[in-house]
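Undergrad: Listed below are the residues making up each chain.
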Amino acid sequence: MHLEVPTGPAWEFLLLFVVVVAAPRIVDLIKLPGLVGLLLGGFAIGPHGLNLITANQATVPELGQLGLLYLMFLAGLELDLAQLGAYRRSALSFGMLTFGVPMVLGVAAGVLLGWPVPASLLLGSLLASHTLVTYQLVKDRGLGPDPAVATAVGATVFTDTLALIVLAAVSGSQGDGTPVSIALQLVVGMIVVVGGAVVVLPLVVRWCFRRLGSEQPTRYVLLIAAFLAAAVSAELFDIDGIVGAFFAGLALNRLVPNGSRLMHRVEFFGSALFVPIFIVSIGFILDPAVLVEPATLLLAGVLIIACIGGKAIAAWGARLLGFSGPQAGVLFALTTPQAAATLAATTVGLQLGLFQTAVVNAVLVLILFSLIVSPIAVRLAAANLPPVVAPSPLGSRVLAAIPLGLPRAEARALLRLAVLATRADGGSVHPVLIRHESHADSHETELKVLQEVATSVGIDEDVAVTVDRSLAHGTVHTAVARNASLILVPDRTDRTTGSWAEAVASVAPAPVALVRGPGRIRRVVLLDDTALPEPTRAIAHELAARIGAGDVEDIDADADDARPVADGDVLVVPTPDWTLPETAARAVDAAAAVLVAIPPPAAGPGIGIDLAGAMQARRRRRRSTTARTG
Amino acid sequence: CGRAASIGPAAAGRFTPATPGVLTVATYAVPITGFWEGSADAPTGGFEDGLAHALAQRFGLGAVQVVEVPFGRLIAGDVGGADVVLGGLTPTEQRRQVLDFSVPYLASRPAVLVRAGTAVPDVYTAKRLRWAVTAGSTNATALAEQIAPDPPVTANPNLAVSEAQLRAAAVDAMLLDLPDAMVRAAASGGALTVAATLPGDDDIAAAVPRGSPNAAAVDAAIRRFLSDGTLRALADRWLGRDYTSAISAIPLLRTGA
Numbered sequence: 173m174h175l176e177v178p179t180g181p182a183w184e185f186l187l188l189f190v191v192v193v194a195a196p197r198i199v200d201l202i203k204l205p206g207l208v209g210l211l212l213g214g215f216a217i218g219p220h221g222l223n224l225i226t227a228n229q230a231t232v233p234e235l236g237q238l239g240l241l242y243l244m245f246l247a248g249l250e251l252d253l254a255q256l257g258a259y260r261r262s263a264l265s266f267g268m269l270t271f272g273v274p275m276v277l278g279v280a281a282g283v284l285l286g287w288p289v290p291a292s293l294l295l296g297s298l299l300a301s302h303t304l305v306t307y308q309l310v311k312d313r314g315l316g317p318d319p320a321v322a323t324a325v326g327a328t329v330f331t332d333t334l335a336l337i338v339l340a341a342v343s344g345s346q347g348d349g350t351p352v353s354i355a356l357q358l359v360v361g362m363i364v365v366v367g368g369a370v371v372v373l374p375l376v377v378r379w380c381f382r383r384l385g386s387e388q389p390t391r392y393v394l395l396i397a398a399f400l401a402a403a404v405s406a407e408l409f410d411i412d413g414i415v416g417a418f419f420a421g422l423a424l425n426r427l428v429p430n431g432s433r434l435m436h437r438v439e440f441f442g443s444a445l446f447v448p449i450f451i452v453s454i455g456f457i458l459d460p461a462v463l464v465e466p467a468t469l470l471l472a473g474v475l476i477i478a479c480i481g482g483k484a485i486a487a488w489g490a491r492l493l494g495f496s497g498p499q500a501g502v503l504f505a506l507t508t509p510q511a512a513a514t515l516a517a518t519t520v521g522l523q524l525g526l527f528q529t530a531v532v533n534a535v536l537v538l539i540l541f542s543l544i545v546s547p548i549a550v551r552l553a554a555a556n557l558p559p560v561v562a563p564s565p566l567g568s569r570v571l572a573a574i575p576l577g578l579p580r581a582e583a584r585a586l587l588r589l590a591v592l593a594t595r596a597d598g599g600s601v602h603p604v605l606i607r608h609e610s611h612a613d614s615h616e617t618e619l620k621v622l623q624e625v626a627t628s629v630g631i632d633e634d635v636a637v638t639v640d641r642s643l644a645h646g647t648v649h650t651a652v653a654r655n656a657s658l659i660l661v662p663d664r665t666d667r668t669t670g671s672w673a674e675a676v677a678s679v680a681p682a683p684v685a686l687v688r689g690p691g692r693i694r695r696v697v698l699l700d701d702t703a704l705p706e707p708t709r710a711i712a713h714e715l716a717a718r719i720g721a722g723d724v725e726d727i728d729a730d731a732d733d734a735r736p737v738a739d740g741d742v743l744v745v746p747t748p749d750w751t752l753p754e755t756a757a758r759a760v761d762a763a764a765a766v767l768v769a770i771p772p773p774a775a776g777p778g779i780g781i782d783l784a785g786a787m788q789a790r791r792r793r794r795r796s797t798t799a800r801t802g
Numbered sequence: 015c016g017r018a019a020s021i022g023p024a025a026a027g028r029f030t031p032a033t034p035g036v037l038t039v040a041t042y043a044v045p046i047t048g049f050w051e052g053s054a055d056a057p058t059g060g061f062e063d064g065l066a067h068a069l070a071q072r073f074g075l076g077a078v079q080v081v082e083v084p085f086g087r088l089i090a091g092d093v094g095g096a097d098v099v100l101g102g103l104t105p106t107e108q109r110r111q112v113l114d115f116s117v118p119y120l121a122s123r124p125a126v127l128v129r130a131g132t133a134v135p136d137v138y139t140a141k142r143l144r145w146a147v148t149a150g151s152t153n154a155t156a157l158a159e160q161i162a163p164d165p166p167v168t169a170n171p172n173l174a175v176s177e178a179q180l181r182a183a184a185v186d187a188m189l190l191d192l193p194d195a196m197v198r199a200a201a202s203g204g205a206l207t208v209a210a211t212l213p214g215d216d217d218i219a220a221a222v223p224r225g226s227p228n229a230a231a232v233d234a235a236i237r238r239f240l241s242d243g244t245l246r247a248l249a250d251r252w253l254g255r256d257y258t259s260a261i262s263a264i265p266l267l268r269t270g271a
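Line by line, the protein sequences give chains A and B.
For the first sequence, the numbering used here assigns the number 173 to the initial residue and increments by one for each residue that follows.
For the second sequence, the numbering used here assigns the number 15 to the initial residue and increments by one for each residue that follows.
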């Protein structure tokens with residue numbers, strides 16, 4: 173019997189997938205992040221380990237290159253722009269610190285080591301970036317809503333973007349041509365890449381989602397094509413493709429809300445396939461013979477001091493921004509881990525011939541060190557910070573309850589409002605068709621129509637169906653199951669419970685808003701009444717701001733000069749009871765407007781929106797809108 | 015600063031030539047059409063000659079000197095005192111025991127050279143052709159394992175004999191390294207073409223003696239040339255017009271390997 177030594181793609185992929193599955197679990201036993209396991213697993217099967225995959229094999233490195241692009245796309249897509257918006261001042265200030273200090277130290281280290289300027293700049297940028305590897309650890313300790321955590325998350329947008337810009341400049345400068353032509357190409361290239369990603373890509377993808385992408389696999393493939401297009405456009409200008417991929421993720425961030433099904437798919441394929449293959453391919457470079465050389469260890473020491481020291485100085489500097497000592501500790505713990513962005517920049521440096529493999533090995537030591545230190549830092553810092561309990565943002569998970577038989581136009585208006593309500597939080601809309609158990613006819617046709625309507629307004633989720641003994645029961649049960657943060661229901665009367673909204677709101681786990689009218693949505697008008705309970709008014713203010721993106725016209729409902737309701741108006745009205753204001757109701761009946769009423773008690777348990785805060789936030793948004801429009 | 019610069023690893027490695035100011039390059043023969051033109055004392059061009067000059071420029075060296083070292087000595091690790099070997103060497107495990115290789119600078123998978131007008135669309139067709147190959151080469155092994163032709167294979171001492179048989183229609187096809195095939199096809203004036211390639215991981219890389227401190231610098235330099243188009247320009251100039259585009263258009267014979 174003659175047995176062949178295994179070779180070829182089947183064997184190589186088998187090894188890869190065994191490493192992807194087993195390695196993170198093995199290192200988890202000793203409390204190390206899975207990324208460390210993947211690196212070590214790659215080393216084990218690679219040319220410097222057991223040599224099960226030889227050095228001249230091209231498939232894994234080429235797939236790893238695709239994984240790198242995917243990783244950077246995911247990095248941009250996952251960034252929480254809502255956090256950035258809420259804490260932009262502190263995020264910007266701290267972002268400058270946590271980027272600037274390690275950048276300066278890294279460049280200084282490169283210059284002192286005699287490295288050329290491009291290599292020193294690239295070194296600085298890779299030390300200055302960070303990956304939020306410990307974010308989940310922090311959230312698990314109840315510190316997610318802490319301002320320091322939100323600041324660190326927001327700052328990540330700046331550090332990663334700046335690091336990518338430096339990388340783009342360095343990689344672009346390696347091309348042929350005079351310094352002037354290189355600089356011009358770089359500037360033009362960045363304008364085209366960033367402008368194309370931020371302006372053109374969302375429009376194209378949104379159009380494709382509406383016309384082509386009602387099926388989830390199609391949507392997923394469209395996203396992949398989008399970031400690859402951005403990567404290719406970057407490479408046209410000699411800018412590394414990962415810059416295009418990152419900005420594509422940033423630009424499409426709002427179209428793919430965190431927690432949506434599409435995001436789950438993107439994360440699934442990323443975490444199951446593309447990203448682990450990239451990390452394993454990096455593990456191939458890990459070479460103990462190079463690692464133990466004194467020069468490599470010395471360089472690793474220099475990198476650790478520059479990076480960890482720089483991040484520590486930046487975190488200490490955050491105290492000047494008003495953060496406490498423990499909060500500064502959390503900032504350090506969150507911004508220390510070096511992983512995805514660092515690996516990406518190092519790989520580019522290797523490919524450009526700016527870094528030799530000893531530098532890559534030294535960076536891998538830095539990564540391993542940072543991944544060991546940062547969880548320890550989380551434990552120490554979190555011990556001195558109390559958990560923060562904060563309610564979910566109003567628009568994080570909006571349930572749109574559609575009863576069977578609701579006219580299409582009204583359903584569309586309600587779903588459109590739901591999408592607008594989620595926009596500020598990057599939340600998701602969960603449409604559900606509610607059907608009474610006594611209803612005999614099939615709901616398939618209506619479900620299909622509703623799904624088309626939902627897709628056309630940009631909703632990613634499939635329309636679910638709930639059958640219950642009443643519309644109110646069905647709505648409440650679904651809201652509980654979906655952990656809804658806001659419930660939108662149409663103004664209908666259920667024959668068994670009377671006013672639907674009243675029945676829902678009495679036991680709802682989240683605020684309820686009543687919607688009526690099929691009109692177009694163009695302008696948001698808030699009909700406030702200072703005599704009403706504060707929780708009701710607060711929700712009305714908050715919802716109006718979200719729907720109108722800060723552009724809201726305030727009208728005192730009792731004012732003599734209140735202007736008449738016009739076509740395209742969305743009236744947001746806190747109501748004193750379960751009846752709707754007469755003037756508003758008449759306008760809606762005439763199909764001139766859409767009415768959103770917040771009946772009491774509609775605050776729901778623990779909603780936590782205070783009226784003063786909501787009004788102040790609206791004034792801030794109005795000022796920035798005015799400034800933008802002059 | 016100078017002291018600090020010498021104790022840490024250089025970003026892209028440091029290159030110290032055996033002879034100051036001169037890059038000494040070893041190859042097993044000059045001339046090799048497309049790779050080394052002219053003579054060892056006075057090379058006049060070629061892909062690897064161009065690569066040698068690019069390396070010299072990157073390392074700040076003013077001259078290139080070529081030495082011929084028999085192939086057997088090269089793959090045994092004896093590079094004849096040269097700084098780097100640019101001799102179409104394919105990294106193998108055995109050779110890695112005595113040489114340090116850079117990343118590959120040229121793909122060298124097996125290629126099927128035929129008379130113009132001969133199509134080789136699949137293994138079925140390939141099996142029925144009369145083949146010529148260099149005796150004892152890796153291509154002879156690839157032919158036997160991946161095609162297993164029905165007619166007996168003609169094993170020749172070198173590529174020139176095989177090419178002559180192909181032109182005389184004594185054989186229908188010959189299997190050789192892709193760059194060699196492209197050069198010969200380009201030089202044939204249209205009489206010969208590359209019909210297909212076979213799957214393979216064989217590539218050509220630069221080599222330095224095992225443990226040489228120059229290994230990192232050579233490796234970083236080749237990576238640089240891969241990314242900035244230097245190698246592409248050299249290939250297009252010396253290995254056939256639009257070499258890089260041309261080889262991407264050659265079909266890959268699916269042999270299951």
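It is worth saying that the hints were derived from the structure and are not from the lab.
Treat the hints with care, since some could be wrong.
Restraint ranges, calculated between C-beta atoms of paired labels, are given here [said to hold, decoys possible]:
| no. | chain 1 | residue 1 | chain 2 | residue 2 | range |
| --- | --- | --- | --- | --- | --- |
| 1 | B | Q108 | A | R551 | 45 to 55 Å |
| 2 | B | R268 | A | L375 | 34 to 44 Å |
| 3 | B | T47 | A | L408 | 45 to 55 Å |
| 4 | B | V175 | A | E234 | 34 to 44 Å |
| 5 | B | R268 | A | G431 | 57 to 67 Å |
| 6 | A | T226 | B | G203 | 34 to 44 Å |
| 7 | A | I477 | B | G52 | 20 to 30 Å |
| 8 | A | E465 | B | G150 | 32 to 42 Å |
| 9 | A | Q388 | B | T47 | 17 to 27 Å |
| 10 | A | Q388 | B | G204 | 46 to 56 Å |
| 11 | A | P319 | B | R268 | 57 to 67 Å |
| 12 | B | G94 | A | I548 | 46 to 56 Å |
| 13 | B | G204 | A | E234 | 52 to 62 Å |
From the three backbone atoms N, C-alpha and C, an ideal C-beta is built for every residue, glycine too.
Undergrad: Just tell me: holds or violated, for the beta carbon distance of B:R268 and A:G431 against 57 to 67 Å?
TA: Between B:R268 and A:G431, where Cβ atoms are some 43 Å apart, the hint is violated.
Undergrad: Could you check the hint for me, namely that B:V175 and A:E234 are 34 to 44 Å apart, CB to CB?
TA: holds (37 Å)
Undergrad: That 17 to 27 Å hint for A:Q388 and B:T47 (C-beta), does it hold up?
TA: violated (56 Å)
Undergrad: Is 46 to 56 Å a correct range for the gap between the Cβ atoms of B:G94 and A:I548?
TA: holds (55 Å)
Undergrad: Taking the beta carbons of A:E465 and B:G150, is their distance inside 32 to 42 Å?
TA: holds (39 Å)
Undergrad: Taking 45 to 55 Å as the stated bounds, is the beta-carbon spacing between B:Q108 and A:R551 within them?
TA: Holds - the Cβ-Cβ distance for B:Q108 and A:R551, about 51 Å, lies within 45 to 55 Å.
Undergrad: Note whether the CB distance of B:T47 and A:L408 lies within 45 to 55 Å or breaks it.
TA: violated (35 Å)
Undergrad: Take the C-beta atom of B:R268 and the C-beta atom of A:L375, compute their distance, and say whether it sits inside 34 to 44 Å.
TA: For A:L375 against B:R268, whose Cβ atoms are near 41 Å apart, the range 34 to 44 Å holds.
Undergrad: Just tell me: holds or violated, for the beta carbon distance of A:I477 and B:G52 against 20 to 30 Å?
TA: violated (53 Å)
Undergrad: Assuming the hint says 52 to 62 Å, is it satisfied by the Cβ distance from B:G204 to A:E234 or not?
TA: Given range 52 to 62 Å: violated, Cβ gap about 33 Å.
Undergrad: Take the C-beta atom of A:P319 and the C-beta atom of B:R268, compute their distance, and say whether it sits inside 57 to 67 Å.
TA: Given about 59 Å between the Cβ atoms, the range holds.
Undergrad: Does the beta carbon distance between A:Q388 and B:G204 stay inside 46 to 56 Å, or does it fall outside?
TA: holds (52 Å)
Violated hints for the displayed structure, listed by number in ascending order: 3, 5, 7, 9, 13.
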